[in-house]
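Using this note's numbering, count along the sequence shown one by one with no gaps and you end on 168.
If you're looking for bench data, these hints aren't it; they were derived computationally from the structure. Any given hint could turn out to be false.
[To be verified] Derived CB-CB ranges, DEER-like:
no.	residue 1	residue 2	range
1	E121	L156	36 to 46 Å
2	T158	Q136	13 to 23 Å
3	M146	P168	14 to 24 Å
4	E162	A117	19 to 29 Å
5	L160	N120	31 to 41 Å
6	F125	M146	34 to 44 Å
No residue lacks a Cβ here, since even glycine has one placed at the ideal position from N, Cα and C.
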Amino acid sequence: GIAALVNEATSFRFDGSDLMPGQVGAGSFWTGMTDYVSGVSDLDTVLAEIDASWP
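Produce the entire structure from the sequences given, and follow the hints as far as they go.
Spelled out as structure tokens, the structure:
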């Protein structure tokens, strides 16, 4: 399981979205960054949507 992987790992990483509320980190942030990187949305739109979803 995950516990064994973490225990045996030589490094363990997480990103800023792990510290965000679930609806942001796994929701609007993830979707927004994916849309931005793929060219679907511009940065200002993505940031506004992430900000609006913050509880």
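- Message: Are any of the numbered hints broken by this structure? If so, which, sorted upward?
- Response: 4 and 6
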